[in-house]
Every structure is written in structure tokens, then in C-alpha cells.
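Colleague: Once you have looked at the hints, place chain B on chain A.
2 protein chains.
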Amino acid sequence: MPLSVLILGNGSALPTVNTHQTAQILASGNELFLIDCGEGTQVELRRHSVKIQRINHVFISHLHGDHFFGLVGLLSSMHLLGRTNKIHIYGPEGLDEIVQIQFRKGGSKLSFEMEFHAINSAGMVLFENKNLIVETLPLNHRIPCFGFLFKEKIGLRKLKANALKEFDIPKHKRKGITEGEDFINDEGERIPNEKITNAPADPVSYAYCSDTAYSEKLIELIKGIDLLYHESTFLESEKERAKKTFHSTAKQAAQVANLAGVGKLLLGHFSNRYRSKERFLMESRQIFKQSFIAEEGVEFKV
Amino acid sequence: MPLSVLILGNGSALPTVNTHQTAQILASGNELFLIDCGEGTQVELRRHSVKIQRINHVFISHLHGDHFFGLVGLLSSMHLLGRTNKIHIYGPEGLDEIVQIQFRKGGSKLSFEMEFHAINSAGMVLFENKNLIVETLPLNHRIPCFGFLFKEKIGLRKLKANALKEFDIPKHKRKGITEGEDFINDEGERIPNEKITNAPADPVSYAYCSDTAYSEKLIELIKGIDLLYHESTFLESEKERAKKTFHSTAKQAAQVANLAGVGKLLLGHFSNRYRSKERFLMESRQIFKQSFIAEEGVEFKV
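Going line by line, the protein sequences match chains A and B. When we follow the numbering used here, the leftmost residue of the first sequence carries the number 3, and every step to the right adds one. When we follow the numbering used here, the leftmost residue of the second sequence carries the number 3, and every step to the right adds one.
So here's chain A without its partners, still in its complex pose (with noise of 0.2 Å):
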């Protein structure tokens, strides 16, 4: 089941005509789960052709407005379409209420049921399915923040077309061989499951890191992952400054996912102040080859 990552936005604290605030779809076979939802992020959604009623669960990171002002608006108009399904909605304490009151005030009951699962915690799992478990990671910011990560789970063994046939296997086996039985048939005769089936895909993670300060803790919770998205607020240049605010600079983004030996890196949440994101390539790159801009409308692989 291969999982992708949209990128809705990739700026900070500003919006501006061109540049969105933080908000990214995982794609996970059938299931869209939306990460942060930054002001417009229900147009963004909309650009880039979304189906929003399919968005299903919400991973809110923290309570910064450029991380979760979007979300209310985003709620209303799955309301206003004729959403029936309930939304999960995984984020800090006090989100729930944030939210509630605004429909509350406005005299709005919404056609479909909120869940709201707080986090108070790093290592909590906020989801599981056959597919995927996703778990939150610790980040290192001015007040609770929290990142996410999905990891796929090790999918069924594939039967191999011919072997249906060849080692006549009945339906009731089947089941057992895809989890990684051998096949013992009429004769006694055990076959053993490599010779009939195919190793499952490799199962990939991501792992979705913003807002936070360079944090070595992140190391081991992330090692070897396939896909890391890590904030860059800053260039190196502005160290202090990202120091001071609790954010992080390209090159320490590229030292974190350097250490963890993650597959690729993608940079994110970049402040207003820098015209080109070229800089931030540059700077990562020359730690960790595998950097990558988190283009706003760009799909990525994991």
C-alpha cells in the first residue's frame, strides 16, 4: 500500500497570497489523513483536488494558529456539504473546546460527530489499522508540541499466480499462506511458503516534525525511517533567532535526519523573511544529500 505526502503549505506564521500555511495529506491506500490545518487550508485542499469528506482522522501538532486556525472552518463546510461520517481529530488539550465553542456561539450543530483524542504525551499511538499505526513523537517547542509518525505495517505475503494451480491449494488456506504458512497438501507433503509466494512490499514510515527546536531525542525514535519531514524555519545564519523561538535552522534539520539516517528529508515552514527556498537546499545538502524543498502542491513518495 504505497503512502504519499501532499504538501498544502509549507510557510509559517504569515500567510500570504502565495505561500500557505502548515497543512499536509498523508495517503494511505483508501484513508486521507490531513496533518495541521493552517488558515485556507480548506482552499488549499479544494486547489489541489482533495475530496475533503474522505479526510477522515486530523493530527493537529499544536496550538499555534498557523498550525490549527484553519481547522474550524475546514469542519463547518464538511457540515455545510452533508458530511454523516465522524472525524477523528488527535491534537493537545484544549483543542476540543477551541473548536466547540465557535459552532456552540454560532448556534451551529454539525451533521456528523467529532472525536477528539488529546495528547499529552510522546510514544501515545493515535491510530492503528491493518495498514498503518501512527504515534506521536516528542518535539521541542514554546508550548506542547508534538510530531507524527506512520509507520506501515508489514503487509501479506502475495500468492504467486501459478501456484493456485500447480500445488492446488483450496480457498480455507489461503489466508494462513499470505500471513507466511507453508502449505502441507493431501500427500502430506509440506511446500514451503517461498516457493508459492511473493514477500510483501517493504512497509515504509514518515515522520512529520514541526514545531521544534534541533532535538537529538528525535534521533532514535526516527532511525532509518524512509521519508522525514523536518521544520527549517531558518538558515544557519539566524541561529540565535531559531534558537530563541524554539525552531530549527536547514542544517540542523539535515543533522537530525544525517544521524537518523532517514531515506530522504524534506524542508518545511519556512519564515517569511527568505525569498528563495534555494538557500535552504543548499545549506541542508551539504550535511544530508537527500534534502528536499516541501513544495507546496508537490506529492511525495515515501
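Simulated from the structure, these hints should not be mistaken for laboratory data. Don't take every hint at face value.
[Stated by the list, open to error] Okay, the calculated beta carbon distance ranges per label pair:
1) ILE135(A) / THR86(B): 30 to 38 Å
2) PRO140(B) / ARG106(A): 20 to 28 Å
3) ASN32(B) / ILE221(A): 52 to 60 Å
4) ARG144(B) / GLU280(A): 46 to 54 Å
5) LEU158(B) / GLU99(A): 45 to 53 Å
6) THR18(A) / GLY265(B): 33 to 41 Å
[Unchecked claim] Covered by chain B, according to a simulated footprint, are these stretches of chain A (three or more residues, beta-carbon under 8 Å):
7) 9-23
8) 72-82
9) 98-104
10) 107-118
11) 156-169
For every residue, glycine included, the Cβ atom is placed at its ideal position computed from N, Cα and C.
Modeller: Then chain B, alone, in the frame of chain A:
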């Protein structure tokens, strides 16, 4: 002091890539008044080069999201850009809580003071300075909702260029003369005010009426004003839906304009169901010729 209205958004409920939710800037001299503030208004302010720190007064008609979801983001950006001036926010009861909880839960202490003024009836004077007075208008919507009437005051009379010399008017007399006094010279001779001054421009007035069902209550209150913005969410073919949802049709907006004998009518708050605005204009002009679409990005002189 010329009044003008800049339209930032003319859409209703659902924002799209090309249609923005309700927001307007009324400019009176150096004062910028923001009227309603749907999601993404701060970006539209930027798009149209409005200096956000010059906004000191925000008027919110009611607590449906398409009229206020952008307020907290705008305030947040004012803070991030270092605002120190106090801002006055006029809106229905509950707006203060909605705004404050979002900053409180995120641990943000704003760099400027917000003063909330609760609107709980029509006919309230919300604001007054030497040029202008702002009063609430009664609207008929599903939840408490108020329009805003901006009335210029009669300006000072202008001293004629040649009168100062001709009649040797001393400095300390000039203020009284611009307020309408006659001038009595050293010989005790009375010079009538009209001889030494010109009349000021006629004061103009603007009414903002969104959202509302057709309401004849408005007519007396906006009699003869120069410019009326009246919502027309639907066409007359959707009259029943308009009634049910407490909105107006273009024809109804035109009827109000016609009965009140206003100068011009601006139509807005269009439902997303209509692709073209041409039909609103045609419908309205059959009853009230001076009808115009509140086109986004256009500044209308009052």
C-alpha cells in the same frame, strides 16, 4: 471626507480558490473599518494592499463562520507584525470568548490590547468620531445578526480663499466661522457666513446588510442613504430556500433598495450554486436600476 468600500469577498458559506468569504473595508479619511472577516480575509487584505495595522475597528455582523473565522488569524498576524495600537472589536456576545480562548490555549500574549464591544440590539451607536457615526441595524437571520450604518457627519464649512484677506479675519475667529458663525469685524459690521465660506460636501452614508431575510423594518432606517450593500444569496427562483435559510434574493434586495430610495445597491454574499453573477444583476435591475455586483477587489465610492 470621501467614504469608500473595498470588497474583499462576496461569497457565502463555502470559500473556494476564486471566491472569498464576506469581508469589506470601509475607508473614511485615515480610518479603515473592517466589516466582517471570513476565513482568509488577511490574505485578501494583503492581495489588495490594505495596511492591516491601520485597521482599528472591526465590525462582525454575526457568528456564522463565513463572517468571522478569519478574525483570529488576522489578529494573530497583527501581533506577529508587532502591533501596539489597541483594536476595537464589535460583535455579538460570545465573540470575545471565541477569540480569547484561541490565544490563551496557545499560550500567546498579544502585543496589543483588544477591546470587545458586545452588540445586543439594533440602534446602538458603536462608534463616533468627528467625521462619522456607526450604528447597528436590525437584520432577520437564524441567529442574532446586525447590519451597520455608517453615517458621515456634516463637515465644517470651508473658508473662501479670498475672504481671509478681504475681511481681515483674525486666526482665533476662524474655527467658529467654519462651524457656521457670522463674522463681526472691528467696526461692528456683521459679515454673513455664506459670504465668507463655502458649504462642505454633502455627508454620505453606507449601510451594510448581511445576512438577512427580506425585511421591511430596514426601509425607514436606511431611507435615502447613498450606498446600500444588501445580501442576495439567491435568485428569486430559489425564493423558498431563501426564506427557509433567512437569506434574500436579488429581487428582494432590489425591493428594499427601491422602497428605501437609496442611491446605489451593491449585491453580494452569493451562493456557490451560481456560476455567473450576471443573473443577479439582471434580476435586481428590473426593480432597481442602480444595482451593482460587489465585485471582489473593487473599491466603490459611497
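Colleague: Confirm or reject each hint.
Modeller: Status of the hints after comparison with the structure:
At about 48 Å, the beta-carbon gap between ILE135(A) and THR86(B) misses the expected band of 30 to 38 Å. At roughly 24 Å, the beta carbons of PRO140(B) and ARG106(A) sit within the given window of 20 to 28 Å. Checked against the hint of 52 to 60 Å, the pair ASN32(B) and ILE221(A) passes, with Cβ atoms roughly 54 Å apart. Against the hinted window of 46 to 54 Å, the Cβ-Cβ separation of ARG144(B) and GLU280(A) comes to about 51 Å, which satisfies the hint.
At about 51 Å, the beta-carbon gap between LEU158(B) and GLU99(A) stays in the expected band of 45 to 53 Å. The hinted range of 33 to 41 Å is satisfied by THR18(A) and GLY265(B), whose Cβ atoms lie roughly 36 Å apart. Coverage of the stretch 9-23 of chain A by chain B holds. Counting CB-CB distances below 8 Å, 5 residues qualify, and the rule asks for three or more. For the stretch 72-82 of chain A, the stated coverage by chain B holds: 6 residues have a C-beta nearer than 8 Å to a C-beta of that chain, and at least 3 were required.
Counting residues of the stretch 98-104 of chain A whose CB lies closer than 8 Å to any CB of chain B gives 4, so the stated coverage by that chain holds, three being the minimum. Interface restraint, the stretch 107-118 of chain A with chain B: holds (4 residues with C-beta to C-beta distance below 8 Å; minimum three). Only residues whose beta carbon comes within less than 8 Å of a beta carbon in chain B count, and the stretch 156-169 of chain A has 0; fewer than three means the coverage is violated.
Figure legend: structure checked against the earlier numbered hints; hints not met, in rising order: 1 and 11.
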